[in-house]
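Novice: Going line by line, the protein sequences match chains A and B.
Quick note: the first sequence uses this note's numbering, first residue 5, plus one each step.
Quick note: the second sequence uses this note's numbering, first residue 12, plus one each step.
These aren't lab readings, by the way, just hints derived from the structure by calculation.
By construction, the Cβ of each residue, glycine as well, lies at the ideal position given by its N, Cα and C atoms.
Worth double-checking, as some hints may not be accurate.
What the hints assert, rightly or not - Heads up, incomplete: computed chain B residues facing chain A, CB under 8 Å, no partners named: (1) V110; (2) P154; (3) Y268; (4) V283; (5) D289; (6) G299; (7) R303; (8) S307.
What the hints assert, rightly or not - Which chain A residues stay away from chain B? Per the calculated CB distances, all over 10 Å, these: (9) A118; (10) L218; (11) V258.
Now for the letters of each chain:
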Amino acid sequence: MRTGDALTVAIPGPRGYAQREVTQAPAWRGLVAWDLLFNGMTTGLFLVAAISELAAPQVFTPVAKIAYGIALIVLLIDLACLVLDLGDPLRFHHMLRVFKLGSPMSVGTWCLTAYSVPLAAAAAISALPGGWTHLDGVRRLAVIIGLLPALGSAVYKGVLLSTNAQPGWKDARWLGGYLTSAAIMLGSAQMLVLSSVMGHERATAMLRPALALLLIMNLISLGLLVADVRATLLRTYTRRRMYGVGILSLGVGVLLPLGLLLGGSTSLFVVATAACIALASLAVRFAIIRLNNLGSVAS
Amino acid sequence: MAGREMEVAHLPRSSDPPSGELAALVKRLVDPFRQGAAAEQHVPTGFYTDTTVCIGCKACEVACKEWNLLPADGLRWTGNSYDNTETLSATSWRHVKFVEQFSVVEDPKVSSAGFSLERLLNEPKAGRWLMMSDVCKHCVAAPCQQACPTGAIIHNEFENVFIQPDICNGCSSCVAACPFGVITRSSLDGHSHKCTLCYDRQRDGLIPACAKACPTQSIQFGPIDELRERARARVRDLHQRGVTSAYLYGDTPTANYSRLNSFYLLVDRPSVYGLPDDPVNPTIHMKGDYLRAIASGFAAIVVLLAVLWR
Chain A
5 MRTGDALTVA IPGPRGYAQR EVTQAPAWRG LVAWDLLFNG MTTGLFLVAA ISELAAPQVF
65 TPVAKIAYGI ALIVLLIDLA CLVLDLGDPL RFHHMLRVFK LGSPMSVGTW CLTAYSVPLA
125 AAAAISALPG GWTHLDGVRR LAVIIGLLPA LGSAVYKGVL LSTNAQPGWK DARWLGGYLT
185 SAAIMLGSAQ MLVLSSVMGH ERATAMLRPA LALLLIMNLI SLGLLVADVR ATLLRTYTRR
245 RMYGVGILSL GVGVLLPLGL LLGGSTSLFV VATAACIALA SLAVRFAIIR LNNLGSVAS
Chain B
12 MAGREMEVAH LPRSSDPPSG ELAALVKRLV DPFRQGAAAE QHVPTGFYTD TTVCIGCKAC
72 EVACKEWNLL PADGLRWTGN SYDNTETLSA TSWRHVKFVE QFSVVEDPKV SSAGFSLERL
132 LNEPKAGRWL MMSDVCKHCV AAPCQQACPT GAIIHNEFEN VFIQPDICNG CSSCVAACPF
192 GVITRSSLDG HSHKCTLCYD RQRDGLIPAC AKACPTQSIQ FGPIDELRER ARARVRDLHQ
252 RGVTSAYLYG DTPTANYSRL NSFYLLVDRP SVYGLPDDPV NPTIHMKGDY LRAIASGFAA
312 IVVLLAVLWR
């Protein structure tokens, strides 16, 4: 363009490739955040119900019987999230073509499949009328069989995200640790709600301190995770948003539930505690999923 | 080294299409699980891209799109030299990159007041163009192939990384795993796509369309061992002629990554070309990450049990 007598040349903006993110972001968005939450809720609830029932059957068996049914429902919701997130959901069964130890998604698929069968059996037997007590042994066997694949289903999710090339996720060495410990915490919170709502005071009294300890443990693993991805967090989020998620996860996810646990033992307090934990967990999962969205490309 | 898997291309073809909805459904459910005989191995092939002779004509991009019937991406003004496709994607399997290394006036005051055509014409011309036709690296140990949970991504009989389009279900694990940003999921069919190294042409004894169309032999195709020898000789030649910055990228394995069966001759840092300086195979962290996750789970269970057994 001409300004006066001189022909000036417009200088283009930032050029070249050196400052760009090399990787492409997968189209994993909100549905995956919900999947992370539901995965933790179903596997955690099953594990906590199973361990509680096996450790103290007199106290926890009635609660665990209900818990298996709820875990199955949450699992079905989680599987729906997983299938709907595929580019071609009608090909979901292709996941079962091969088993690859080197592919966390393959390991996860098989773990979820192996977990769903004993869970469904335990839930079905638990739903039978009271006269079917002779099947209790079968139910317990199903629960024991389900333990390992349930743990595998909880474990794979974090490893799936941390063992790829995406910014943020690739540095998150403690993501698997955080999500697995969060699953047990979420499971304890759900069991506590069930125990309280069903009026099992002894179970409630036993689970309250356990949940308090698990909250603190989970906070430690969250701290390790944040330390891993600190650089990417600073690049991805504004300081305001970082504080927002931080306050939500620490205040609503840890301090408030601890206060509620100490403050009262009524069902209202317990439900409020679990709701706070679930809300903060969801916020953290959305923050995790957003970590790699520095530059996605749709074709 | 990646494990071998069955070649779907060699499956016996079903003679008749299924009749009726139930038969079609059964076929849809069963077909992906059918396994054929492994294909006969051929000499491993690949690309050697000599960026010093690339002229940025984009004939490779066009030839690739034409042969593979890839849809157009739309013409966008990116503001980045002559690059209008920006990245590799499910619909752009070749991408010509343009790097302008000329003096740039950084100060906005100088750019508006003191930057004139006369000054531009009289300034010392020390700059250069770098151009590079980017493509899938066909890694010897490919993270996309390792991550693929359906077995859709295989190393075919030419040791090329190939996505079986009838198997991929669009889970995007490969997209997340690739450290070179090669693969994306298509919004047209929901599946992942990338360079096939013209598998169909190779099977018919033809060379890939991009290499065929390249007018300067910047893109060379052939048995990978021959290409590596040729590339090393070229580097020696360039060094003798004073281009001491020339080197091969992906020719040899590093501590964190395997060799590439599509490798490059570069004259600047890899990141200048939009390549990772030190690519890392993300699976190297897998064992440790699993251990941390399992240990955290067990620690939480121990805490739970300790309280319950109090």
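Novice: For each hint, tell me whether it holds in the structure or not.
Specialist: Here is what the structure says about each hint:
1. The interface hint given for V110/B holds, since its Cβ lies 6 Å from the closest Cβ of chain A, which is under the 8 Å cut-off.
2. Annotation: P154/B was flagged as interfacial toward chain A, and the flag holds, the nearest CB pair being 7 Å apart, inside 8 Å.
3. Violation of the interface hint for Y268/B is found here, the shortest Cβ-Cβ separation to chain A being roughly 11 Å, above the 8 Å cut-off.
4. Checking V283/B against chain A by beta carbon gives a least distance of about 5 Å; that is within 8 Å, so the hint holds.
5. With 8 Å as the threshold, the beta carbon of D289/B stays out of range of chain A, its nearest partner Cβ sitting at about 11 Å, so the hint is violated.
6. Annotation: G299/B was flagged as interfacial toward chain A, and the flag holds, the nearest CB pair being 7 Å apart, inside 8 Å.
7. Taking 8 Å as the C-beta contact cut-off toward chain A, the hint placing R303/B at the interface holds, the least distance being around 4 Å.
8. For S307/B, the interface hint holds, since its Cβ comes within 8 Å of a Cβ in chain A; the closest pair sits about 4 Å apart.
9. Remark: the non-interface label on A118/A is consistent with the geometry, its nearest Cβ contact in chain B lying 15 Å away (cut-off 10 Å).
10. Not every CB of chain B lies more than 10 Å from the CB of L218/A, the least distance being 6 Å, so the non-interface label is violated.
11. No beta-carbon of chain B comes within 10 Å of the beta-carbon of V258/A; the shortest separation is about 15 Å.
The structure fails to meet hints 3, 5 and 10 from the earlier list, while all remaining hints are met.
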